[in-house]
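Chemist: Could you put together the complete structure from these sequences and hints?
Single-letter residue listing:
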Amino acid sequence: MNEITKDLLREISEWDGSFKGAYNIRENGQCAGRVSSKNIKIESKKDQPGLEIWIAPNTKDETVSIPACVTQGGVDDLVYNDFFVGENADVTIVAGCGIHTETGEPARHNGIHRFFLGKNSRVKYLEKHIGKGHGTGLRYIDPVTEAELEENAVLEMDTAQIGGVDRTTRVTSAKLGEGAKLYIRERILTEKEQTAKTEFHVEMNGKDSGVDLISRSVARDDSHQSYHSVIVGNAPCTGHSECDAIISENGKVDAAPELHARDNDAALIHEAAIGKIAGEQILKLRTLGLTEEEAEATIIDGFLS
Amino acid sequence: MLLTLENISWRTPEGVCILQDLNLTVPDNKLVVITGPNGGGKTTLAKTIAGIYHQDSGRILLNGKDISDVDITERAKAGVSFAFQQPVRFKGITVRKLIELAAGESLPLSKICDYMSKVGLCAEEYIDREVNATLSGGEIKRIEIATVLARHSVLTVFDEPEAGIDLWSFTSLIKTFEEMRKNLNGSIVIISHQERILRIADEIAVVANGRITAQGKPEDMMQLLAENNAMSGKCYKQEEMF
Chain X
1 MNEITKDLLR
11 EISEWDGSFK
21 GAYNIRENGQ
31 CAGRVSSKNI
41 KIESKKDQPG
51 LEIWIAPNTK
61 DETVSIPACV
71 TQGGVDDLVY
81 NDFFVGENAD
91 VTIVAGCGIH
101 TETGEPARHN
111 GIHRFFLGKN
121 SRVKYLEKHI
131 GKGHGTGLRY
141 IDPVTEAELE
151 ENAVLEMDTA
161 QIGGVDRTTR
171 VTSAKLGEGA
181 KLYIRERILT
191 EKEQTAKTEF
201 HVEMNGKDSG
211 VDLISRSVAR
221 DDSHQSYHSV
231 IVGNAPCTGH
241 SECDAIISEN
251 GKVDAAPELH
261 ARDNDAALIH
271 EAAIGKIAGE
281 QILKLRTLGL
291 TEEEAEATII
301 DGFLS
Chain A
1001 MLLTLENISW
1011 RTPEGVCILQ
1021 DLNLTVPDNK
1031 LVVITGPNGG
1041 GKTTLAKTIA
1051 GIYHQDSGRI
1061 LLNGKDISDV
1071 DITERAKAGV
1081 SFAFQQPVRF
1091 KGITVRKLIE
1101 LAAGESLPLS
1111 KICDYMSKVG
1121 LCAEEYIDRE
1131 VNATLSGGEI
1141 KRIEIATVLA
1151 RHSVLTVFDE
1161 PEAGIDLWSF
1171 TSLIKTFEEM
1181 RKNLNGSIVI
1191 ISHQERILRI
1201 ADEIAVVANG
1211 RITAQGKPED
1221 MMQLLAENNA
1231 MSGKCYKQEE
1241 MF
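Read top to bottom, the protein sequences are chains X and A.
Throughout the first sequence, residue numbering follows my numbering, covering 1 to 305 in sequence.
Throughout the second sequence, residue numbering follows my numbering, covering 1001 to 1242 in sequence.
By construction, these hints were calculated from the structure, which means they are not laboratory data.
It is possible that part of the hints are untrue.
Calculated lysine-lysine pairs in the BS3-like style (CA-CA distance at most 27 angstroms, straight line) [what the hints assert, rightly or not]:
id: 1; chain 1: A; residue 1: Lys1091; chain 2: X; residue 2: Lys252
id: 2; chain 1: X; residue 1: Lys276; chain 2: A; residue 2: Lys1097
id: 3; chain 1: X; residue 1: Lys124; chain 2: A; residue 2: Lys1091
id: 4; chain 1: X; residue 1: Lys128; chain 2: A; residue 2: Lys1091
id: 5; chain 1: X; residue 1: Lys128; chain 2: X; residue 2: Lys41
id: 6; chain 1: A; residue 1: Lys1097; chain 2: X; residue 2: Lys197
id: 7; chain 1: X; residue 1: Lys181; chain 2: A; residue 2: Lys1097
id: 8; chain 1: X; residue 1: Lys192; chain 2: A; residue 2: Lys1091
id: 9; chain 1: X; residue 1: Lys207; chain 2: X; residue 2: Lys119
All of these numbers come straight from a predicted model, not from anything done at the bench.
Modeler: If you want it as structure tokens, here you go:
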């Protein structure tokens, strides 16, 4: 494992020289370390690049980390990871990605993650993406996340891409069974000429299922973001999505939420707000002694926290 | 004299004169309540003291130092605090963070508890909550006051603290100001219409038509206000707002 990978790991995961629990480190498309635990087995896929992660039923309070790092230009990494979460399990999955390039060649990581959550299981999924290095080559991270939640399963997704990634297309889809709940918190910061496109498609098929999707984004400089969410209520269910964006300089944001009620007892809500930082917010923080620049930074940090 | 305003004038960008040759003095360690009719210039005066508005002419002295051209940030650092009439909400910034920003340092829970208990809130219940739209009008008003308390400023300006809060919060707010009055450490200026706030003042100043039309001790000023109210048919009793 090279030094750049170690630096990236510190930023995208809880790595401090080692991991707690099962892990697999992916470095430039290769495995740089793997450990399974008694309850969490990590195996290589036989037909395509990637992993199968098997979490035994009733596994409690364990963490599995599967960070991926690209440390040089010219790498185009594609990986398929499948997570099979047993009934009644309650675990945390950490799946960050870091890309570093010092050359003019592009570097890309495309992680396709599928989650199969058994009955009554609960997963906290943490995903942090960053881009680093002084190279002019574009840094691409294009995650695809697909989730199927069985009866009363709960998936909490906490994803963050805070700077350095030039191009990203994020596609998340989920199908929810009876009583299943999906919580998504997404935070994206784009700067310079970066672009970020994020797509959500959630189908609530089971009675009393629910989704709560909150996306917060900041588009600075000449960057551009687009948000598109589709929430479909095919059963008595509750859906809420919220897209808040701050734009500054020439930043541009498009938001296109869609709600589709296909059942008379589907209750769906969407809230969206796009705008620059409110002048009153800056004034308030300046009356506390912050400069205008400090106030802006504090507001954005808080917004994306 | 802690604060002196000399011949302050201010016009809106449209050219409407709001403050006109206004003169005001705030003594050291005193509570001065500024009252007067709506549209008379009270909030503009408060924002001019905080540096949010910049006067077109005149001088502002803080402890004898000319701060007329000092901006909001530097004025805050010089010891001026301002509590907004409509407290600002922030998505993602917690109560703890806002109070620490006000204090200029990280604070132990016990210290945050001190500030929050002074405004009648339990710190543990609130410190991790965001200062967003989920807080009620009364809650955010109290948190606003807690932020200015955390600054320990030589001069704190409250712009109509009673505005937009319910009766229970109002009663609690009055107690907060009464407590602050007992333990003054710096001067306080409160823009208010409320009789109970007027009664705890060391001095009352009346602003009308962009000028201070009268300033003096509460016992003299309350008499004057009562006479003016009788003439105008208005009432300064707190019940009026409910």
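Chemist: If any of the earlier hints don't hold here, list their numbers in rising order.
Modeler: Hints 6, 7 contradicted; others consistent.
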